[in-house]
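Just so you know, the protein sequences line up as chains U and P, in that order. Each residue of the first sequence is one higher than the one before, counting from 1 in the numbering used here. Each residue of the second sequence is one higher than the one before, counting from 1 in the numbering used here.
Hints in this document: simulated from the structure, not taken from any laboratory. A hint or two may mislead.
[To be verified] Taking lysine-lysine and the DSSO-like style, the derived pairs with C-alpha atoms no more than 30 Å apart in a straight line are: (1) U:K149 to P:K95; (2) U:K295 to U:K488; (3) P:K95 to U:K295; (4) U:K292 to U:K415; (5) P:K95 to U:K488; (6) U:K488 to U:K415; (7) U:K25 to P:K95; (8) U:K25 to P:K91.
[To be verified] Chain P stretches covered by chain U per the calculated footprint, using a threshold of three residues with CB under 8 Å from any CB of chain U: (9) 27-38; (10) 47-56; (11) 71-84.
[Stated by the list, open to error] To give an idea of the interface, some chain U residues facing chain P are shown, with a C-beta separation under 8 Å as derived from the structure: (12) L141; (13) P142; (14) E406; (15) A409; (16) G438.
For each residue, glycine too, the CB sits at the ideal point set by N, CA and C.
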Amino acid sequence: MSALQIIISAVLAVLVLAGISMMSKVRTAVAGNLLSAFAMLCGIVGTLFFAGVVSVWTIYVSILIGALIGSLLAARVQMIQMPQTVALFNGLGGGASALVGLLSVHGDSAFVRFTALLAVAVGMVTLVGSLIAAGKLHRILPQKPVVWKGHALCTLLFLVLTLAFVVAGTFAHGAGLTVCLVGAFVSASLFGLWFSLRVGGADMPITISLLNSLSGVAGSIAGMAIGDVFLVAVGGIVGASGLLLTQIMCRAMNRKLMSILTGGTMKPSNPTPAIEENENEELVQRIMDLEKKIKELEAMVADLEARVQALDGQLNAAPAPAPVAAPVEEAPTAASVLSKAKDVIIVPGYGMALAQAQHQVRQLADKLESRGARVRFAIHPVAGRMPGHMNVLLAEADVDYEKLYEMDAINDDFKNADAVVVIGANDVLNPAARNAVGTPIYGMPVLNVDQAPEVIVCNFDLKPGYAGVENPIYTREKGVYLELGDAKETLMRLMAGIA
Amino acid sequence: MIHPLILISVFIVSAVLGYFIIRTVPSLLHTPLMSGMNALSGVTIVGAIVATGVAFLAGDGLWAQLAGGLAIVLAAVNVFGGFGVTHRMLKMFDKKKK
């Protein structure tokens, strides 16, 4: 029976892989997803028979409850909430793996005990980490990295404790094993809490990918504990995919995975020497206050500028009946630039997601296209809060996916574009990444927005992005139009301005 | 019981295969890919079913059965929810094409 089980598991695992490879093309992706789901269904039915548990009625009740909750959530959730939804589901999978480990920990062999304890540990890290990540993405928890006293040390301590309990439990029996189980459970949960609280908003794409990978690994280890080949195989596939995405995200941000986990999370360096701290403290405080005031003033000026520009736009729009022949001598506005542009690139960022402005963005693109312009979208790999975040939002707004370009595919075209419209993006187009040595974004590949002749920035404000580095584009003398405020409103204004 | 070495090699082989196949997925589809993978990670439902069934048939204490039942519920939410949202997203990408 065991041989047959292995063969069937292998076939199902190949089906899953086939399903995934079909997900590399938009046209076959839907079928690929269904194929994976079908393979999973077969795996579940097969397990019922092979494990000889067909008669256990509680299984069906539990599946039904879970299926109902899951389907309801899947049908109800808005596209805008996708990152936290994925994180939440991910955590539940990890939690389930931990419970499987919990149930199979009292095995006869050291291998079973080891894998069961490890499944508990990895599963709990996944569960707690994912819940925190989901909380941050849902904006219940602070976006900024939370750093407690001795944070890095505690994180390391919990990790070491977890490993120690897992190893000790492998060779323990009876009460000793229970102690190790509880120890691994608690310390792994604390590790998950500590490490995920430390991660800030913009590092989320990396964290989610990593947790995704962990949930797969947890499942795989749980599969080893109960000796289920299918579970081991699929868990391995998921683990590898999450790791690959993590790698891609890290490369796109020029960050090292370790620095995100262990705490280098975009912490601004503090060069003030400790000895003169007392004397300098007051001065520093004053300077900081002044800086704050300057920023406030800057914001007010920017706001006024935006209003003036908006009014200009309306003025330009109002005398529309006048024949086009009369050339406008006024200084160009964002709307007038866009009215003339024939080749436009739109750069969306997390701000578009926050403002839920994807539909307005599409209307703008439609309007420009109806005037004969070519409109393309430049998508930075880490724009947003999860891999591919922008693509999903724009697809929701019915933007044809063939207009969405990856960074490498479009980066050389910025200098030839007539106009670039930035919507809620900052760090991913900050040219400081190329030359500002020592800043957190130094070395990160960015979109070449600064090479475009005309740049229209529809951001909420001019504050530096998550990385805390000023963006020199904002202060460029020519060809920059700042349309500040809620992206939905600024886009409406822009559209109204385009005659 | 299947030998541990077989299980470990299955893990390694599937991870390597998965890694190379997933590399072909363009960044355009990374979110659905991730959420699909996420649904797949709910495969741990298989483990939950085995553990619960064994506990039930062996007449283990109520807590074991409850824990198993909870594991199945969590994993089922993961599976159904994961495949559901993935399906919705992919259909969104595809609807423009005839």
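Here is what the structure says about each hint:
1. U:K149 to P:K95: Given that 30 Å is the threshold and the Cα spacing comes to 51 Å, the pair is violated.
2. U:K295 to U:K488: holds (24 Å)
3. P:K95 to U:K295: Between P:K95 and U:K295 the Cα gap is close to 45 Å, so the pair fails against 30 Å, i.e. violated.
4. U:K292 to U:K415: violated (35 Å)
5. P:K95 to U:K488: Between P:K95 and U:K488 the Cα gap is close to 25 Å, so the pair holds against 30 Å.
6. U:K488 to U:K415: holds (27 Å)
7. U:K25 to P:K95: Distance of about 14 Å is within 30 Å: holds.
8. U:K25 to P:K91: Holds, at about 12 Å.
9. 27-38: holds (count 12)
10. 47-56: holds (count 10)
11. 71-84: That given contact holds, which follows from 14 residues of the region 71-84 of chain P lying within Cβ reach (below 8 Å) of chain U.
12. L141: violated (21 Å)
13. P142: violated (24 Å)
14. E406: holds (6 Å)
15. A409: violated (10 Å)
16. G438: This hint is violated: U:G438 lies away from chain P, its Cβ roughly 29 Å from the closest one there, beyond 8 Å.
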